[in-house]
Amino acid sequence: MEVRNSKRWAARGLNRWFIAAAALCGAAVIRTALHPLLGEIMPATAFLIGAVLVEYYCGLAPACCVMLAGLCLADYLFVPPYGRIDVIDASDIRLMVSYPLITLVVITLVERLRRAQYRAELLAAVAQSRYEMLLRHDNERLLARRATEEMHRMLHHIAQYKRSLVLIKALDPATSVSPGSFMAAEATASPASVIDNAAFRASIAFGAKHSQVHQEDLARVCDRLSPGHHRMRLLSGGRDDWRPVECICDRFTTPSGEFLVLRTED
Amino acid sequence: MNSPSISSAKGGDHAVLLLHGLSSSPLELRFLARFLVDEGFATHTPVLPGYSAGTDHQPMEQWIRAAVAEFDGLAARYRHVSVCGLSMGATLAAAVASERPAARALLLLSITLDYDGWAIPWYRFLLDYVYYTPMRSRYRYREHEPYGLRNEALRSKIARSMQKNQVSEVGPASIAMPALHEAGRLASRVRKTLKGIGTDCLIIHAIDDETASPHNARFVASAVGASFLRTIWLDDSYHMITSDNEREVVARECALFLCESAASTVTTDHPTPVVSRALARRLRQLASVAGKS
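If you read the protein sequences in the order shown, they are chains A and B.
Under the numbering used here, the first residue of the first sequence carries the number 1, and numbering increases by one thereafter.
Under the numbering used here, the first residue of the second sequence carries the number 1, and numbering increases by one thereafter.
Some hints could be false.
Below, in silico cross-link-like pairs of lysine to any residue (SDA-like), each with a Cα-Cα straight-line distance of 25 Å or less [unchecked claim]:
hint: 1; chain 1: B; residue 1: Lys-157; chain 2: A; residue 2: Glu-40
hint: 2; chain 1: B; residue 1: Lys-192; chain 2: B; residue 2: Ser-174
hint: 3; chain 1: A; residue 1: Lys-7; chain 2: B; residue 2: Trp-118
hint: 4; chain 1: A; residue 1: Lys-7; chain 2: B; residue 2: Val-47
hint: 5; chain 1: A; residue 1: Lys-7; chain 2: B; residue 2: Thr-231
hint: 6; chain 1: B; residue 1: Lys-195; chain 2: B; residue 2: Ala-102
hint: 7; chain 1: B; residue 1: Lys-192; chain 2: A; residue 2: Gly-13
hint: 8; chain 1: A; residue 1: Lys-7; chain 2: B; residue 2: Asp-72
hint: 9; chain 1: A; residue 1: Lys-7; chain 2: B; residue 2: Arg-124
hint: 10; chain 1: A; residue 1: Lys-7; chain 2: B; residue 2: Gln-62
hint: 11; chain 1: A; residue 1: Lys-7; chain 2: B; residue 2: His-215
hint: 12; chain 1: A; residue 1: Lys-7; chain 2: B; residue 2: Arg-218
hint: 13; chain 1: B; residue 1: Lys-195; chain 2: A; residue 2: Lys-7
hint: 14; chain 1: A; residue 1: Lys-7; chain 2: B; residue 2: Pro-146
hint: 15; chain 1: B; residue 1: Lys-195; chain 2: A; residue 2: Asn-15
hint: 16; chain 1: B; residue 1: Lys-157; chain 2: B; residue 2: His-215
hint: 17; chain 1: A; residue 1: Lys-7; chain 2: B; residue 2: Asp-235
hint: 18; chain 1: B; residue 1: Lys-195; chain 2: B; residue 2: Asn-245
hint: 19; chain 1: B; residue 1: Lys-195; chain 2: A; residue 2: Gly-26
hint: 20; chain 1: A; residue 1: Lys-7; chain 2: B; residue 2: Arg-155
hint: 21; chain 1: B; residue 1: Lys-195; chain 2: A; residue 2: Arg-12
hint: 22; chain 1: B; residue 1: Lys-192; chain 2: A; residue 2: Arg-4
hint: 23; chain 1: A; residue 1: Lys-7; chain 2: B; residue 2: Ala-102
hint: 24; chain 1: A; residue 1: Lys-7; chain 2: B; residue 2: Asp-114
hint: 25; chain 1: A; residue 1: Lys-7; chain 2: B; residue 2: Asp-236
hint: 26; chain 1: A; residue 1: Lys-7; chain 2: B; residue 2: Gly-184
hint: 27; chain 1: A; residue 1: Lys-162; chain 2: B; residue 2: Arg-218
hint: 28; chain 1: A; residue 1: Lys-7; chain 2: B; residue 2: Ala-221
hint: 29; chain 1: A; residue 1: Lys-7; chain 2: B; residue 2: Lys-157
Going by beta-carbon spacing under 7 Å, a handful of chain B positions derived as facing chain A [stated by the list, open to error]:
hint: 30; residue: Asp-116
hint: 31; residue: Ile-120
hint: 32; residue: Asp-208
hint: 33; residue: Trp-233
Source of the hints: derived by calculation from the structure; they are not laboratory data.
Ideal placement from N, C-alpha and C gives every residue a C-beta, glycine not left out.
Please model the complete structure; the sequences and the hints are all you need to start from.
Take a look at the structure:
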């Protein structure tokens with residue numbers, strides 16, 4: 001895949017030109033220091049190394065400038081006759097052919113590698129972004145699946161214990177579906193059941209057993225209900241014949257809200 | 001052509017201020033605005049004097065002032081207000097976030113601090129100097145192919161639209177020299193203030209952005225002071241990521257980030273739980289990398 005910005009791998013700005021100028025000066029100073037030792041041998045090697053380093057760190061344009069300026073400096077300072085540019089002989093020709101040729105080949109190779117490296121970095125960044133997006137969507141999918149399973153569990157629970165249900169309470173009525181809708185759904189599944197319109201709109205829906213529960217206990221659980229076991233008084237046989245019965249309250253967190261389902265223990 | 005501001009108040013308690021690109025119109029953020037409204041956010045895409053197409057020249061300080069005034073207007077009505085910008089609008093959004101640290105989230109789409117993408121001519125830097133010549137009132141920088149679009153069908157449609165009108169749905173046909181100069185000043189100012197921006201930040205940038213190279217997004221990611229920072233790279237779009245091939249991805253990730261940012265506030269009781277083990281591993285990995293650096 002082509003990435004056209006890969007040729008813009010080097011950072012922009014003036015800094016790279018300052019670095020290039022410093023590299024050029026450094027190369028000139030080093031070659032001057034070595035001049036008593038080297039004489040007219042390898043007059044442009046320091047500039048070649050400088051240009052390649054500038055290419056690696058600062059990009060093509062500064063490297064080419066360093067190469068051209070280095071060529072002029074090398075010819076002027078380190079090719080005999082020293083300090084003169086008007087005399088062109090075989091050593092000048094050798095320098096002008098060999099130095100730009102070698103430098104350009106190396107610079108071109110480094111440039112190609114740097115572009116390929118930058119392109120690979122950008123594509124890796126895209127791949128990483130996509131992987132993270134995939135993980136986030138996977139998380140959303142798992143959350144949705146968990147919520148759906150919880151809803152199925154609650155509906156199954158209501159259907160299983162429909163004869164022993166006391167009530168279903170929405171924990172946050174403002175954001176939840178009315179609990180009456182679950183009772184209505186259950187009622188439509190059994191022909192004998194009746195849908196209570198008033199309960200359908202309230203935050204509490206009463207089940208089949210609620211009429212047998214003592215009014216005080218019913219008022220208590222309507223007001224304060226928490227998951228776990230509760231002991232309630234249920235009508236048994238004749239009038240005012242109350243017996244304590246263990247009830248269980250389960251909590252369900254569904255996409256339609258959080259609900260507490262209270263039923264008598266079988 | 002002067003498009004009116006576009007507002008939608010369908011959302012709940014979270015509003016998003018959408019800032020379009022330089023000398024452009026709210027049209028270029030239409031798709032994103034619609035998506036955010038569908039996701040339950042209120043959006044407002046204002047026309048800013050001096051900045052938007054069809055308005056008179058104003059210094060960039062006036063652009064910031066106008067954008068901050070729009071932000072304050074939303075902040076008076078909504079619990080959370082986030083700022084989102086495209087191109088130079090992203091730079092302006094960063095300036096707004098710098099002025100208003102109460103912003104919930106900052107969404108920077110194709111942020112442009114430097115015009116250094118592959119389609120920008122090499123002599124672009126000379127235009128900075130043209131401003132100081134008599135040419136500044138005559139010269140206009142003309143948009144040309146690919147108009148920030150990788151999608152060729154949309155590009156040809158936009159090319160026809162650009163020939164007829166001054167502004168298309170992906171930006172203006174040309175930009176005046178003073179506006180470019182002010183944009184440069186705005187970018188310089190934002191570069192200096194990025195460190196002080198602590199707002200949750202989402203950066204979305206195309207690797208082949210022809211106007212602003214990835215260096216822009218990398219610079220912002222390394223310099224911004226936000227503790228919740230996410231960078232998303234796209235590979236099938238150019239500069240106009242809200243209209244190009246990956247506009248759905250951009251809109252979805254923006255909405256998701258806004259939700260996560262709002263959920264991360266201490267006042268919210270139900271932050272999005274992490275149930276995916278792979279995501280949990282990845283988050284731990286990122287946290288350990290951030291801890292070491």
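Going down the list of hints, with the structure as the test:
1. A threshold of 25 Å between alpha carbons decides the hint, and for Lys-157/B with Glu-40/A the separation of about 65 Å lies outside it, so the pair is violated.
2. This hinted pair does not check out: Lys-192/B and Ser-174/B have alpha carbons roughly 28 Å apart, beyond 25 Å.
3. Between Lys-7/A and Trp-118/B the CA atoms are separated by roughly 8 Å; this keeps the pair inside 25 Å, and the hint holds.
4. At most 25 Å may separate the alpha-carbon atoms for a hinted pair to count; Lys-7/A and Val-47/B exceed this at roughly 36 Å.
5. Distance hint between Lys-7/A and Thr-231/B is fulfilled; the C-alpha atoms sit about 22 Å from each other, no more than 25 Å.
6. Distance check on the hinted pair: Lys-195/B and Ala-102/B sit about 16 Å apart at the alpha-carbon level, within 25 Å; holds.
7. A hinted pair counts as satisfied when its Cα atoms are at most 25 Å apart, and Lys-192/B with Gly-13/A qualifies at roughly 15 Å.
8. With a C-alpha separation of about 42 Å, the suggested pair Lys-7/A and Asp-72/B falls outside the 25 Å cut-off, and the hint is violated.
9. Between the alpha carbons of Lys-7/A and Arg-124/B the distance comes to roughly 17 Å, so the proposed pair stays at or under 25 Å and holds.
10. Proximity of Lys-7/A to Gln-62/B is assessed by CA-CA distance (about 37 Å); at most 25 Å being required, the pair is judged violated.
11. About 12 Å separates the Cα atoms of Lys-7/A and His-215/B, which keeps this hinted pair within 25 Å; it holds.
12. Distance check on the hinted pair: Lys-7/A and Arg-218/B sit about 16 Å apart at the alpha-carbon level, within 25 Å; holds.
13. For the proposed pair Lys-195/B and Lys-7/A, the alpha carbon gap of about 29 Å is over 25 Å, so the pair is violated.
14. Between Lys-7/A and Pro-146/B, the direct Cα distance comes to roughly 18 Å. Compliance with the 25 Å bound is thereby established for this hinted pair.
15. At most 25 Å may separate the alpha-carbon atoms for a hinted pair to count; Lys-195/B and Asn-15/A meet this at roughly 21 Å.
16. Pair hint Lys-157/B plus His-215/B does not hold up; C-alpha atoms about 30 Å apart against a cutoff of 25 Å.
17. Using a Cα cut-off of 25 Å, the hinted pair Lys-7/A and Asp-235/B holds, with the two alpha carbons roughly 16 Å apart.
18. About 32 Å separates the Cα atoms of Lys-195/B and Asn-245/B, which puts this hinted pair outside 25 Å; it is violated.
19. Proposed proximity of Lys-195/B and Gly-26/A is contradicted: the alpha carbons are some 35 Å apart, above 25 Å.
20. Among the hinted pairs, Lys-7/A with Arg-155/B is consistent with the structure: their alpha-carbon atoms are about 24 Å apart, no more than 25 Å.
21. The hinted pair formed by Lys-195/B and Arg-12/A meets the criterion: a straight-line CA distance of about 20 Å does not exceed 25 Å.
22. Annotation: proposed proximity of Lys-192/B to Arg-4/A is violated, straight-line Cα distance about 29 Å (limit 25 Å).
23. Pair hint Lys-7/A plus Ala-102/B does not hold up; C-alpha atoms about 39 Å apart against a cutoff of 25 Å.
24. The suggested pairing of Lys-7/A with Asp-114/B holds, with an alpha-carbon distance near 16 Å, which does not exceed 25 Å.
25. Restraint check: the Cα-Cα separation between Lys-7/A and Asp-236/B comes to about 18 Å, which is no more than 25 Å; the hinted pair holds.
26. Simply put, Lys-7/A and Gly-184/B have alpha-carbon atoms about 23 Å apart, close enough for the 25 Å limit, and the pair holds.
27. Taking the CA atoms of Lys-162/A and Arg-218/B, the gap is near 60 Å; set against the 25 Å cutoff, the hint is violated.
28. Of the supplied pair hints, the one linking Lys-7/A and Ala-221/B holds, its CA atoms being roughly 21 Å apart against a limit of 25 Å.
29. Of the pairs offered as hints, the one joining Lys-7/A and Lys-157/B is violated, with about 29 Å between alpha carbons and a cut-off of 25 Å exceeded.
30. The beta carbon of Asp-116/B comes within 5 Å of a beta carbon in chain A, closer than 7 Å, and the hint placing it at the interface holds.
31. A least Cβ separation of about 9 Å between Ile-120/B and chain A goes past the 7 Å threshold, and the interface hint is therefore violated.
32. This hint holds: Asp-208/B has a C-beta 6 Å from the nearest C-beta of chain A, less than the 7 Å allowed.
33. Interface hint at Trp-233/B: satisfied, since its Cβ lies 4 Å from the closest Cβ of chain A, which is below the 7 Å cut-off.
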